[in-house]
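K.L.:
Below are the chains, spelled out letter by letter.
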Amino acid sequence: MRKSIGAKPGDDEVLGKAYDSKLMKRLLTYVRPYKGYVILGILLNTLVAGLGPLRPYLTKVAIDDYIALKDYDGLLVVVALLMGSLIFQAIVQYFLMYYTQLMGQKIIFDLRMQIFKHVQKLALRYFDKTPIGRIVTRNTNDVEALNELFSSGIVMVFSDIFTIIWIFIFMFSMSWELSLVTLSVLPVLMYATFLFRKKVRDAYRRVRYHLARLNSYMQEHITGMTIVQIFSNEKREIKNFSDINEDHKKANIDSIFYYAVFYPVVEILSSIAIGLIIWYGGGNVIQGTLTIGVLFAFIQYTEMFFRPIRDLSEKYNVMQTAMASSERIFKLLDNNTIITNPENPKPLKDSKGEIEFKNVWFAYNEDEFVLRDVSFKIKPGETVAIVGATGAGKTSIINILNRFYDIQKGSITIDRIDIRDLKIEDLRKQISIVLQDVVLFSGTIKSNINLHNNEITDEMVRKAAETVGAHNFIEKLPKGYDEEVKEKGATLSVGQKQLISFSRALAYDPQILILDEATSSVDTETEMLIQQATEKLLVGRTSIVIAHRLSTIQNADKILVMHKGQLREMGTHHELLANKGIYYKLYQLQYKDQEIKAS
Amino acid sequence: MKSLLSLKKYFARHKRKLLWGIVFILLSNITQVYVPIFLKDGIDGLQSNISHSEILYYALLIVGAALLSGFFRFLIRQTIIVVSREIEYDLRQDFWSHLQNLSLRYYQNTSTGDLMAHATNDISAVRMFVGPAVMYSIDTSTKMIMIIAIITTFDWQLTIAALLPLPFLSYMVYKLSKKIHIKFEKIQEKFSELTTKAQESFSGIRVIKSYLREESEIKLFEKLSEDYLDKTMDKVKVQAWFAPLLFMITGLSIIIAIWFGGMKVIEQSLTLGELSAFIVYLGLLIWPVIAFGWVLNIIQQSSASMKRLNVIMSVKKEISDSEETDYFVKEIKGTVEFKNVSFRYGKNLPVVLDKINIKIDQGDTVAFIGKTGVGKTTLLNLIPRLYDVTEGEVLIDGKNVKTIPVDVIRSSVGLVPQETFLFSDTLENNILYGVKEKDESILERVADISEIKKDVDDFPKKYQTILGERGLTLSGGQKQRTCLARALAVNPKILILDDSFSAVDTHTEEEILRKLKNFMENRTSIIVSHRISTVKDSDKIFVIDNGKIAEEGTHEELIELNGIYADIHQRQLLEEELKQI
Ligand SMILES: Nc1ncnc2c1ncn2[C@@H]1O[C@H](COP(=O)(O)OP(=O)(O)OP(=O)(O)O)[C@@H](O)[C@H]1O
Ligand SMILES: Nc1ncnc2c1ncn2[C@@H]1O[C@H](COP(=O)(O)OP(=O)(O)OP(=O)(O)O)[C@@H](O)[C@H]1O
Ligand SMILES: [Mg+2]
Ligand SMILES: [Mg+2]
Numbered sequence: 339m340r341k342s343i344g345a346k347p348g349d350d351e352v353l354g355k356a357y358d359s360k361l362m363k364r365l366l367t368y369v370r371p372y373k374g375y376v377i378l379g380i381l382l383n384t385l386v387a388g389l390g391p392l393r394p395y396l397t398k399v400a401i402d403d404y405i406a407l408k409d410y411d412g413l414l415v416v417v418a419l420l421m422g423s424l425i426f427q428a429i430v431q432y433f434l435m436y437y438t439q440l441m442g443q444k445i446i447f448d449l450r451m452q453i454f455k456h457v458q459k460l461a462l463r464y465f466d467k468t469p470i471g472r473i474v475t476r477n478t479n480d481v482e483a484l485n486e487l488f489s490s491g492i493v494m495v496f497s498d499i500f501t502i503i504w505i506f507i508f509m510f511s512m513s514w515e516l517s518l519v520t521l522s523v524l525p526v527l528m529y530a531t532f533l534f535r536k537k538v539r540d541a542y543r544r545v546r547y548h549l550a551r552l553n554s555y556m557q558e559h560i561t562g563m564t565i566v567q568i569f570s571n572e573k574r575e576i577k578n579f580s581d582i583n584e585d586h587k588k589a590n591i592d593s594i595f596y597y598a599v600f601y602p603v604v605e606i607l608s609s610i611a612i613g614l615i616i617w618y619g620g621g622n623v624i625q626g627t628l629t630i631g632v633l634f635a636f637i638q639y640t641e642m643f644f645r646p647i648r649d650l651s652e653k654y655n656v657m658q659t660a661m662a663s664s665e666r667i668f669k670l671l672d673n674n675t676i677i678t679n680p681e682n683p684k685p686l687k688d689s690k691g692e693i694e695f696k697n698v699w700f701a702y703n704e705d706e707f708v709l710r711d712v713s714f715k716i717k718p719g720e721t722v723a724i725v726g727a728t729g730a731g732k733t734s735i736i737n738i739l740n741r742f743y744d745i746q747k748g749s750i751t752i753d754r755i756d757i758r759d760l761k762i763e764d765l766r767k768q769i770s771i772v773l774q775d776v777v778l779f780s781g782t783i784k785s786n787i788n789l790h791n792n793e794i795t796d797e798m799v800r801k802a803a804e805t806v807g808a809h810n811f812i813e814k815l816p817k818g819y820d821e822e823v824k825e826k827g828a829t830l831s832v833g834q835k836q837l838i839s840f841s842r843a844l845a846y847d848p849q850i851l852i853l854d855e856a857t858s859s860v861d862t863e864t865e866m867l868i869q870q871a872t873e874k875l876l877v878g879r880t881s882i883v884i885a886h887r888l889s890t891i892q893n894a895d896k897i898l899v900m901h902k903g904q905l906r907e908m909g910t911h912h913e914l915l916a917n918k919g920i921y922y923k924l925y926q927l928q929y930k931d932q933e934i935k936a937s
Numbered sequence: 023m024k025s026l027l028s029l030k031k032y033f034a035r036h037k038r039k040l041l042w043g044i045v046f047i048l049l050s051n052i053t054q055v056y057v058p059i060f061l062k063d064g065i066d067g068l069q070s071n072i073s074h075s076e077i078l079y080y081a082l083l084i085v086g087a088a089l090l091s092g093f094f095r096f097l098i099r100q101t102i103i104v105v106s107r108e109i110e111y112d113l114r115q116d117f118w119s120h121l122q123n124l125s126l127r128y129y130q131n132t133s134t135g136d137l138m139a140h141a142t143n144d145i146s147a148v149r150m151f152v153g154p155a156v157m158y159s160i161d162t163s164t165k166m167i168m169i170i171a172i173i174t175t176f177d178w179q180l181t182i183a184a185l186l187p188l189p190f191l192s193y194m195v196y197k198l199s200k201k202i203h204i205k206f207e208k209i210q211e212k213f214s215e216l217t218t219k220a221q222e223s224f225s226g227i228r229v230i231k232s233y234l235r236e237e238s239e240i241k242l243f244e245k246l247s248e249d250y251l252d253k254t255m256d257k258v259k260v261q262a263w264f265a266p267l268l269f270m271i272t273g274l275s276i277i278i279a280i281w282f283g284g285m286k287v288i289e290q291s292l293t294l295g296e297l298s299a300f301i302v303y304l305g306l307l308i309w310p311v312i313a314f315g316w317v318l319n320i321i322q323q324s325s326a327s328m329k330r331l332n333v334i335m336s337v338k339k340e341i342s343d344s345e346e347t348d349y350f351v352k353e354i355k356g357t358v359e360f361k362n363v364s365f366r367y368g369k370n371l372p373v374v375l376d377k378i379n380i381k382i383d384q385g386d387t388v389a390f391i392g393k394t395g396v397g398k399t400t401l402l403n404l405i406p407r408l409y410d411v412t413e414g415e416v417l418i419d420g421k422n423v424k425t426i427p428v429d430v431i432r433s434s435v436g437l438v439p440q441e442t443f444l445f446s447d448t449l450e451n452n453i454l455y456g457v458k459e460k461d462e463s464i465l466e467r468v469a470d471i472s473e474i475k476k477d478v479d480d481f482p483k484k485y486q487t488i489l490g491e492r493g494l495t496l497s498g499g500q501k502q503r504t505c506l507a508r509a510l511a512v513n514p515k516i517l518i519l520d521d522s523f524s525a526v527d528t529h530t531e532e533e534i535l536r537k538l539k540n541f542m543e544n545r546t547s548i549i550v551s552h553r554i555s556t557v558k559d560s561d562k563i564f565v566i567d568n569g570k571i572a573e574e575g576t577h578e579e580l581i582e583l584n585g586i587y588a589d590i591h592q593r594q595l596l597e598e599e600l601k602q603i
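Those protein sequence lines, which keep their order, are chains A and B.
Numbering of the first sequence is given in our numbering, commencing with residue 339 and proceeding in unit increments.
Numbering of the second sequence is given in our numbering, commencing with residue 23 and proceeding in unit increments.
Some clues are possibly wrong.
[What the hints assert, rightly or not] Partner residues are not named here, just some residues of chain B that face chain A (Cβ under 10 Å, in silico):
| no. | residue |
| --- | --- |
| 1 | 27 |
| 2 | 226 |
| 3 | 439 |
[Stated by the list, open to error] Every beta carbon over 12 Å from chain A, so not counted as near; a handful from chain B, in silico:
| no. | residue |
| --- | --- |
| 4 | 57 |
| 5 | 160 |
| 6 | 182 |
| 7 | 196 |
| 8 | 236 |
| 9 | 335 |
| 10 | 350 |
| 11 | 357 |
| 12 | 361 |
| 13 | 381 |
| 14 | 411 |
| 15 | 542 |
| 16 | 554 |
| 17 | 562 |
What the hints contain is simulated information worked out from the structure, not anything from laboratory work.
The beta carbon of each residue, even a glycine, is placed where N, CA and C say it ideally should be.
So that you can see chain A by itself, here it is in the shape it has in the complex:
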């Protein structure tokens, strides 16, 4: 019936060319710091590339010059040479492998860190639109896909080229005629490869596309499994999943077909080459213009020559994946959705906490303004409450004050300085926000409060927890503050999670404290205790409180009433009640039975 295709894979499905010189150039800039490794790799390669092709030649020498002439000692010499070349090649290959891998790993380490750092800088607008899973993929799997390119890829290309050159040299030096005959299958092989590439690319793209679908579907539904179960939708989800799984299977089976054709074709072509050698070379042998040793060497060269080509399909996949991955990575790195620091930031050390909004207009998506012409002023040390219907724009006010998003029109100032003239760090250092959506990290309770900040001592963590009344339940946990927090704090009650997130804000000891429904899931008694405790703690500091329970905010110095993106009323509790506006209505609803009693 209805869709449930799983989240769209988005740009995960795009597969560009297998080789793109622009991308390649940019990728190579990451190699630059490791030039030494590359040079070493190429050097070692040149050293050993000839050794492989040398052996069939030595075999030829053994057959023609010694076996045919019954020269035992000569044979022994050749055998010793063969042995020596083998051992030497093995050792060199070991180091080659080790150093190229080391280089590859170092490069992707750099790249991974660069991506991670970049993502940390990106503005929230980016995160609103991009599934987290996709960003994670850039940082892990996509980077990993480049590993092979950097470690084996680059050096292997040289190795293959050198080997093939050596094979040519040996072949042509023995018999150019026979070489040409042998190589006559090459154009056919190239054409076959070309066709294969084209076909397999399509199939491969489909595989990737469906794999991305499969993964994002699973990711999302594992996270939301409780919802699936509560609505007893298991059967339908199994069906939906099987559709995607089926598509994935079909795409894979299609691509198997091309491999099933390609591999045998290469083998057949190599046998044709051997047939040609026997037929043409054999003729020459009969005529006495060629030795059997040469014939035999050619047969071995054919094998040697076809091997890299046989591997090509694998390498082609590596290349294609690498190119596609790097394209996505670069797209992320080029994304400039960044809230930047001003060029000449104004200093702000210890803010007094004076905040002013002047005719602020703000939209998440162009032209859909969620805040319209909002103006208000908060004096240092004041406690201001924001109330209003859900979706009225309360959280948005916080989001722009902290410069999670930049506003479209108007200005926001702190201590009379436009926040856009401040360094973001200076701005955010003044403010602690308890976000409406609680975020917990895996780690311990302690690390969730101090966020791995060593400047916040255990004592401070404890004090913050005590202030919000979280200490009680934390203490009862088997390991107290060192108790492990499961993914998203799954084993804590929602209120407990809120208290931890609240403790975090207090531990950071801010000049401006913002509470976005910080205690919405906390019982009234605890809430009041918190209120009393924080009040003492925050003397002289500015705080902004968003809450729906009016009892929470009645003592605020000023209450802002938001309605549909506009600031409709402002004043103290008494003033607003006297005003008989929106606030009055809210108030009546919440306390009407008391009013009835009172009247």
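Following the hints, position chain B with the ligands against chain A.
P.N.:
Showing chain B with the ligands alone in chain A's frame:
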């Protein structure tokens, strides 16, 4: 290795194709091993006056044999590798179906990243066993036997001499792959840590940014990346020996053949053609021998993966229908009763609910109130059997919930969880998530009751608005109301609201409650809230404290009682009222 036995049933399902595949492998190998024999005859012929046409004949034979062998090779992939994809499909499907049955407890204690790793990496590792590993091991072993049989007929002494290094090779391969495997597991572990860190850092970006923790996150991530690099290089150190060793030992075989065989040719106990064929055969053997090591590696990895999958697959469905289930129960009316219910999350964990006794009549609205972490959510979760009781029983319509089919309970219970979760899909699909037949009128109706309608009307794309992950692009209250609409859409007999108005303003809440009253006629509603204004109109209010029902009664009765409830009520009054009272 034993773990791979659990694949038996999958193999059995595709028996025919697999058997054909094996036949094709045999046929392909038989034709392939003929090629060097033709080569030998050709070369031997060249030494003893052979005609051009005879040479051509040998050349054509070689090509012909290759054509046949190639054709069978095509068929091998079309059977065995295809089967591996089919089995991968079956396996993944079974895995996914199994995940649907695992309980909330399991998901709360298992990270999503781990499960994803099993679903992707482990299943593809097993696929590698089913496909390539099976294909190559049969291919390799049959080819090896054939080749060894043939070259023994040339010269058994030479055969023994040349093959002497091979057992050594197998041993090395075995040892090395074992070592590599251990290191590989460590890498996987690190990789999953790395992934988890990235995942958490990015999804917690709001917190990280507001507390300026970017630098420390980068440091933590760098540390993990470094570990990962070190672990990878640990593996490389061992793995880098793999190829050179293989290649040296197989090369050794060829050198022995040239030396020993060369002498035999000189002594004329072997023809040059035979020697050439011998060497070509050894060349053909190299790949099988390498493949052998590779296959061993895959088998080891996939059996480890299979083991991990089996661990998950054998997690018992904690909550499911059993022998006690009475399938004649097709629907429920809506009375709920707790009889002596006790609950704890684990043996070593404290008792959360302690001998709770409650009775809720059909059509009633009852409310629970109590301190943070007192066990309200826990209690509610027992009704649709997200957890089962530790002691006592929960009854619906007088029947123990364990005797009612899980499906029946859950499709009659509309639960709005305390924490909102929405799919990154359209609003419409989210609201109609539990509805079997899509219906516009339901959508309109529940959107109206849950008061999300007025918000949606302001969205340019209305119900087709696509939500961000977990409903990211909605405001807190919008998310809650969407979840409410979703629960109402299934037409529940019992509606459970777990603090579902915490992010909703009182005005909107009042509207919702008013409309709900109508909707909930003859249905049971169970509400948890911290706000007196939400619970005060309930038929009965329960105050939970210390794992027990501390107080119960109507709003008025509880105020009268002057206990915990009255205290909460008192605290939520505004100053004015305090003065007036
Ligand atoms: N999955 C779990 N494993 C272990 N302990 C848990 C788990 N879930 C909850 N708990 C603990 O059980 C107790 C009751 O939690 P519960 O979520 O039922 O509280 P609650 O009354 O709903 O609180 P809140 O008002 O904060 O939502 C808490 O102490 C909590 O830490
Ligand atoms: N990241 C976002 N992208 C696009 N639209 C958004 C985003 N966040 C919020 N909105 C929209 O902006 C409007 C205001 O949302 P905001 O979160 O400020 O409301 P709120 O007053 O905090 O509501 P609540 O009390 O429900 O939390 C809502 O209509 C919401 O759908
Ligand atoms: Mg909000
Ligand atoms: Mg709860």
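K.L.:
Which constraints among the numbered hints does this structure fail? Numbers only, ascending.
P.N.:
As far as the earlier hints go, 1, 4, 8 and 16 are violated by this structure, in ascending order.
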